[in-house]
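Here are the chains, one letter per residue:
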Amino acid sequence: MTKVTMTVNGKSVSGDVEGRTLLASFLREDQGLTGTHIGCDTSQCGACVVHVDGVAVKSCTMLAAEADGASVDTIEGQANADGSLNVIQQAFQDHHGLQCGFCTPGMVMSAAALLKDNPKPTEQEVREYLEGNICRCTGYHNIVKAIMAASGQDVTAIAAE
Amino acid sequence: MPKDTGIGAATVRREDVRFLTGTGEYTDDIQLAKQTYAVFARSTVAHGTIKSIDTSAAEAMPGVLAVFTGEDFVEVGGNPAGWLINSRDGEPMKEPKRPVLAHGKVRHVGDAYAAVIAETAQQARDAVEAIEADIEELDAIVDMNAALSGSNFVHDEIGTNQCFDWGWIEDNREATDNAIKNAHHVTTLELVNNRLVPNAMEPRASIGSYKASTGEYTLHTTSQNPHLTRLLISAFVLGIPENMLTVIAPDVGGGFGSKIYHYGEEALVLAAAKKIGRPVKWTADRTESFLTDAHGRDHVTKIELALDKDGKFLAFRTDTKANVGAYLSNFSTATPTFLHGTLMAGNYTVPLVYVNVKAVFTNTAPVDAYRGAGRPEATYSIERVIDKAARELGMDPIELRRKNFVKPDQYPFASAAGLEYDAGNYDALMDKMEEVADVAGFEARRKESEAKGLLRGFGVNAYIEACGIAPSNLVGVLGSRVGLYDAATVRVNATGNLSVMVGAHSHGQGHETAFPQVVAEMLGIDPGVIDIVHGDTSKIPFGMGTYGSRSLAVCGSAVVRATEKIINKAKKIAGHMLEASEHDITLADGVFSVSGTDKSVTFGEVALKAYIPHEYPLEDIEPGLEETAFYDPANFTYPSGAYACEVEVDPETGKVTVDRMTAVDDFGNVINPMIVTGQVHGGLAQGIGQALVENTTYDENGQLLSASYMDYTMPRADDMPMFAVDHSQGTPCTHNPLGVKGCGEAGAIGSPPTVVNAVIDALQSGGKDVKHIDMPVSPARVWEAMQ
Amino acid sequence: MYNFDVEKPGTIAEAATAMRVEDAQALGGGQTLIPTLKQRLAGPSKLVSLKGVAEMQGISKDGNTLRIGGATIHAAVAAEGSYSALAALAAHIGDPAVRNRGTIGGSLANNDPAACYPAAALASGATIVTNTREIAADDYFQGMFDTALDEGEIITAVSFPIPQAANYQKFVQPASRFALVGVFVAKYTDGVRVAVTGASNEGVFRWTEAETALSANFSATALDGLSVSPDNMITDLHGSATYRAHLVKVMTGRAVTAAS
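Quick mapping for you: the protein sequence lines, in order, are chains Y, W and V.
Under the working numbering, the first residue of the first sequence is numbered 1, with each subsequent residue one higher.
Under the working numbering, the first residue of the second sequence is numbered 1, with each subsequent residue one higher.
Under the working numbering, the first residue of the third sequence is numbered 1, with each subsequent residue one higher.
Think of the hints as simulated: they come from the structure by calculation, not from any bench.
Hints are supplied without guarantee of correctness; some may be wrong.
[To be verified] Below, a list of computed lysine to aspartate or glutamate pairs in the EDC-like style, where the Cα atoms sit at most 16 Å apart:
(1) V:Lys8 to Y:Glu18
(2) W:Lys539 to W:Asp650
(3) V:Lys46 to Y:Glu18
(4) W:Lys34 to Y:Asp53
(5) W:Lys302 to W:Asp319
(6) Y:Lys3 to V:Asp5
(7) W:Lys275 to W:Glu119
(8) W:Lys51 to W:Glu119
(9) Y:Lys120 to Y:Asp53
(10) V:Lys61 to V:Glu80
(11) V:Lys38 to W:Glu129
(12) W:Lys447 to W:Asp659
(13) W:Lys572 to W:Glu605
(14) V:Lys249 to W:Asp650
(15) W:Lys655 to W:Glu784
(16) V:Lys51 to Y:Asp53
(17) W:Lys34 to Y:Glu18
(18) V:Lys38 to W:Asp285
(19) Y:Lys3 to V:Glu7
(20) V:Lys38 to Y:Glu18
Please model the complete structure; the sequences and the hints are all you need to start from.
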């Protein structure tokens with residue numbers, strides 16, 4: 001076991017991990033941050049996306065030991081300081097961008113990473129950026145719409161409801 | 001004008017907040033005190049005889065608490081089939097035992113034959129590798145034709161791989177044969193309805209726990225229907241009395257059918273928890289899910305359509321082999337029969353239908369209901385053969401359908417496949433589809449595509465399905481071993497807020513938002529004071545859960561009935577408070593008033609009175625304000641729709657891109673249009689996925705080649721277009737109180753033939769005489785068809 | 001996963017030392033290695049993480065050569081403008097989160113037969129720089145998952161001569177999003193190089209007939225008379241050898257057109 005220390009959602013945390021402990025497992029099991037989900041074993045589904053030092057990574061495909069000293073942001077740290085939903089989260093609710101909710105944390109974290117780099121993405125850019133986030137419920141329509149709305153673009157032309 | 005609250009309002013979902021902030025609680029998120037972990041030893045061969053299993057080395061491994069094999073469950077029951085099908089000759093279907101852990105033989109890759117319980121999941125997995133199993137590999141039975149002709153059996157004790165040979169409607173067989181023999185024109189099509197893996201994003205997981213002091217068991221599990229799971233475990237598998245077993249399905253990350261069924265892992269974690277005296281958790285990894293979740297579809301069908309010289313349909317006849325896999329999953333026998341054959345008349349006035357289905361055991365994962373369950377198979381067969389007939393006869397595919405539609409003045413309509421359609425207007429749906437899809441603009445779009453070197457095709461589809469399952473008396477006659485009602489309890493608390501306990505389970509469908517819309521509308525109160533409780537058998541009335549697009553039509557009706565009882569009782573209380581007859585009391589906007597007077601009391605005042613019954617007519621009215629209703633539907637609901645798809649095909653590579661997808665559905669009355677639209681979107685994506693990319697593939701040895709997302713293609717964001725969805729043409733269901741029809745599966749039912757019809761149209765437009773390509777219509781298959 | 005130790009050296013020399021332990025394995029971004037370890041298909045005693053080796057990071061241009069540190073992530077290559085075809089290729093490996101972890105050195109060391117970078121390296125005549133030597137791309141790729149690397153050898157950098165024109169066309173395997181067939185075409189003053197990934201049982205390879213034709217006439221029509229043999233092409237559930245052979249020609253033509 002080795003000790004790792006990292007900043008998670010602004011707070012310094014530490015714990016003892018094995019070499020094989022994944023960042024996702026460290027967050028879920030050691031830190032109790034179960035909003036980060038594990039939906040596959042092959043780094044495809046994206047339910048586990050978190051930000052490490054400001055960029056999106058798949059926390060099920062990164063060792064906790066590799067995140068030693070890093071700053072990690074998870075879904076639990078995304079809401080506004082007063083606890084209200086942030087702009088992306090609110091857009092997901094407003095546009096029904098989630099159903100079962102399992103892929104949602106990864107979607108929100110990917111969306112946040114996208115909008116940081118590309119504040120006004122086109123529909124096609126949003127779809128391409130979500131290549132590593134699989135949703136089985138929504139058909140993506142409302143996720144794409146929500147992200148475009150979160151970017152401040154007018155989405156009224158995209159099919160109703 | 002859209003409403004902003006109550007029935008018909010596009011209310012945003014209250015449950016979203018916890019999912020968006022990472023505070024949902026799925027089964028694997030739960031950590032119970034002193035929790036241990038189960039890992040299963042699974043067969044790597046598709047078919048084999050278990051000669052011996054030596055667990056001694058595994059038992060000695062660090063952290064190991066117990067090891068189980070099939071021997072440990074010989075004395076208990078098995079996981080049963082929920083629906084008895086009789087063959088054409090009257091013989092009941094073959095029902096081999098499905099044990100908790102494989103015993104004697106392993107029958108598919110992934111079949112669990114042992115389980116290790118250890119302090120950590122890694123220790124359990126290490127110990128699984130130390131189990132020495134001597135399994136003698138047998139030839140795998142994969143191909144259904146070979147299964148039916150050979151002498152190698154999945155279940156030796158039944159001496160055949162045919163589960164049943166079912167005919168529907170058997171009395172129409174001869175007449176159908178004659179109609180086809182004598183018809184002006186017969187169109188024939190052989191097709192495959194491809195096997196799909198449901199792939200809920202949350203893998204299955206279960207935690208068993210046991211309290212020795214009381215003998216109570218608790219199972220947290222990824223289920224769409226906790227009461228059904230409890231019933232199966234109690235009555236058939238482990239014999240735990242129902243009052244000693246609580247099943248809790250917390251937040252569940254999608255189901256699509258795969259989490260209806262009881263699985264052996266659930267029984268194992270319960271038995272293990274009792275044995276070691278600590279909670280036992282199991283969580284599937286994704287490959288485990290691929291290997292062991294119940295799959296969907298997997299039909300091979302020959303369909304014939306007989307027409308007269310004017311294009312009127314005279315008969316449909318189909319011959320289907322349905323793969324049920326290695327064991328009978330709980331509803332695997334209903335799906336290819338009564339959920340499939342009864343829909344084989346489609347939206348049409350065709351007078352004769354005959355369906356033959358042979359169900360076949362193979363050394364593959366069990367196959368059961370997956371979003372649509374039988375109706376996508378029926379719709380695909382019907383709507384593909386109609387398209388082929390239109391081409392053969394040189395008729396417009398929309399006109400050919402319209403010519404044969406059931407017309408609005410024909411309801412209730414007795415279909416040739418034995419159902420009574422209560423309401424619909426298929427021409428209105430088709431009209432709306434033509435408008436929304438801009439059919440008139442297609443030729444111009446085709447020219448634009450051609451200018452880019454791409455072939456554009458237009459595909460159309462009309463579907464009807466039967467959902468909101470189901471009338472218990474009817475399904476009982478047809479072989480169901482369960483009733484299919486649902487239940488709700490409305491509890492008005494003393495301070496005026498409400499808890500509504502429902503049998504349906506919400507795992508994406510938005511019940512926590514939609515059900516309060518109904519209750520709030522009826523009571524005239526703020527939906528915000530109404531809370532939905534679901535998923536815990538210790539809290540909710542006995543309900544049958546969520547599948548078959550039934551939550552609103554069946555459980556929602558129970559909610560209405562229970563709320564009506566609340567209103568009736570509240571009127572009595574209000575009448576007492578207002579010194580008026582209950583018959584003179586009206587309820588509007590949450591206020592009870594005496595007709596023709598200005599006397600009134602609020603809903604909250606009545607609630608408080610019910611729980612503080614001072615000056616209360618205790619001799620006439622019980623205190624309290626809580627009512628339960630069970631609702632058993634009189635008929636299925638019959639959503640229908642007209643769909644259109646436009647694809648572009650790259651003739652050099654065969655790649656198909658869906659450019660436009662239009663779904664016009666009749667769901668009757670709509671409670672929350674935002675949620676309904678979302679349900680359609682999801683169904684469309686799964687249907688497009690089936691049509692174009694989803695590719696479950698077993699090799700001849702029964703190895704699943706598509707056992708991870710590296711090879712099984714999940715539709716991704718950049719595979720999908722924006723969808724055009726409309727439900728303005730609703731004809732209310734005539735037999736449930738809300739006039740609603742199920743919307744959960746429609747998209748997955750209507751879209752696959754629409755997409756394939758469009759691909760064929762595209763290829764034909766490019767001068768390629770391609771009449772059919774089996775799904776998934778992959779680039780390689782399209783390209784090969786063009787050669 | 002079987003357990004292992006994790007070591008995080010700060011220099012190439014330290015990394016090389018760490019790799020001397022029996023069954024030690026280099027860890028680049030881990031985007032292929034970690035999923036492999038999850039399946040327990042490998043059991044290294046130690047993973048030597050190269051992420052912290054500063055001298056293996058970053059991209060520099062020297063004349064007409066682009067040198068990319070072995071631990072440089074795909075996202076960094078995608079953002080570098082001097083070799084646009086290579087940047088475009090990197091921008092479509094995996095997905096954004098994978099591109100934030102996966103490294104060029106890791107990809108080339110693994111030499112997946114459907115990976116994208118091998119096509120770029122081979123078509124560009126790149127030089128694979130290791131802690132002990134430099135290896136020409138033509139000598140480096142030795143078949144599916146097989147390279148010229150010795151035990152414990154670490155890719156520290158890759159040098160790409162920047163071509164006059166180039167393009168990569170990837171026809172994706174729809175599930176994994178690796179290449180079902182990917183073709184990288186690069187035109188240099190001394191001729192055209194064409195490298196194909198995803199198609200062959202032998203891993204990445206050069207389509208020499210196309211190179212000859214395109215060197216004479218850098219136009220898609222130059223391919224008209226050519227055909228690709230399906231012998232030794234991959235057949236799997238996503239496509240037959242014949243289909244892949246067909247796609248090689250189609251993708252080559254499209255790459256030439258796009259590069260022209």
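Each hint, compared with the structure:
A C-alpha spacing of about 14 Å is found between Lys8 (chain V) and Glu18 (chain Y), which places the hinted pair at or below 16 Å, so the restraint holds. Restraint check for Lys539 (chain W) and Asp650 (chain W): not satisfied, since their Cα atoms lie roughly 56 Å apart, outside the 16 Å limit. Among the hinted pairs, Lys46 (chain V) with Glu18 (chain Y) is consistent with the structure: their alpha-carbon atoms are about 12 Å apart, no more than 16 Å. This hinted pair does not check out: Lys34 (chain W) and Asp53 (chain Y) have alpha carbons roughly 35 Å apart, beyond 16 Å.
For the hint pairing Lys302 (chain W) with Asp319 (chain W), the CA-to-CA distance comes to about 5 Å; that is within 16 Å, so the pair holds. Straight-line distance between C-alpha atoms of Lys3 (chain Y) and Asp5 (chain V) comes to about 13 Å, which keeps the hinted pair within the 16 Å bound. Proposed proximity of Lys275 (chain W) and Glu119 (chain W) is supported: the alpha carbons are some 14 Å apart, at most 16 Å. Between Lys51 (chain W) and Glu119 (chain W), the direct Cα distance comes to roughly 29 Å. Violation of the 16 Å bound is thereby established for this hinted pair.
Proximity of Lys120 (chain Y) to Asp53 (chain Y) is assessed by CA-CA distance (about 23 Å); at most 16 Å being required, the pair is judged violated. For the hint linking Lys61 (chain V) to Glu80 (chain V), the alpha-carbon distance of about 10 Å falls within 16 Å, and the restraint holds. Taking the CA atoms of Lys38 (chain V) and Glu129 (chain W), the gap is near 14 Å; set against the 16 Å cutoff, the hint holds. For the proposed pair Lys447 (chain W) and Asp659 (chain W), the alpha carbon gap of about 14 Å is at most 16 Å, so the pair holds.
As the CA atoms of Lys572 (chain W) and Glu605 (chain W) are separated by approximately 13 Å, the hinted pair is consistent with the 16 Å bound. In summary, the hint linking Lys249 (chain V) to Asp650 (chain W) is supported, as the alpha carbons are separated by about 15 Å, within the 16 Å threshold. Distance restraint check for Lys655 (chain W) and Glu784 (chain W): the Cα-Cα separation of roughly 11 Å lies within the 16 Å cut-off, and the hinted pair is therefore satisfied. Note on Lys51 (chain V) and Asp53 (chain Y): the hinted pairing holds, with a Cα-Cα distance of about 14 Å set against a maximum of 16 Å.
Note on Lys34 (chain W) and Glu18 (chain Y): the hinted pairing is violated, with a Cα-Cα distance of about 21 Å set against a maximum of 16 Å. The suggested pairing of Lys38 (chain V) with Asp285 (chain W) holds, with an alpha-carbon distance near 10 Å, which does not exceed 16 Å. Note on Lys3 (chain Y) and Glu7 (chain V): the hinted pairing holds, with a Cα-Cα distance of about 13 Å set against a maximum of 16 Å. Annotation: proposed proximity of Lys38 (chain V) to Glu18 (chain Y) holds, straight-line Cα distance about 14 Å (limit 16 Å).
In terms of the numbered hints stated before, the structure departs from hints 2, 4, 8, 9 and 17, listed from lowest to highest.
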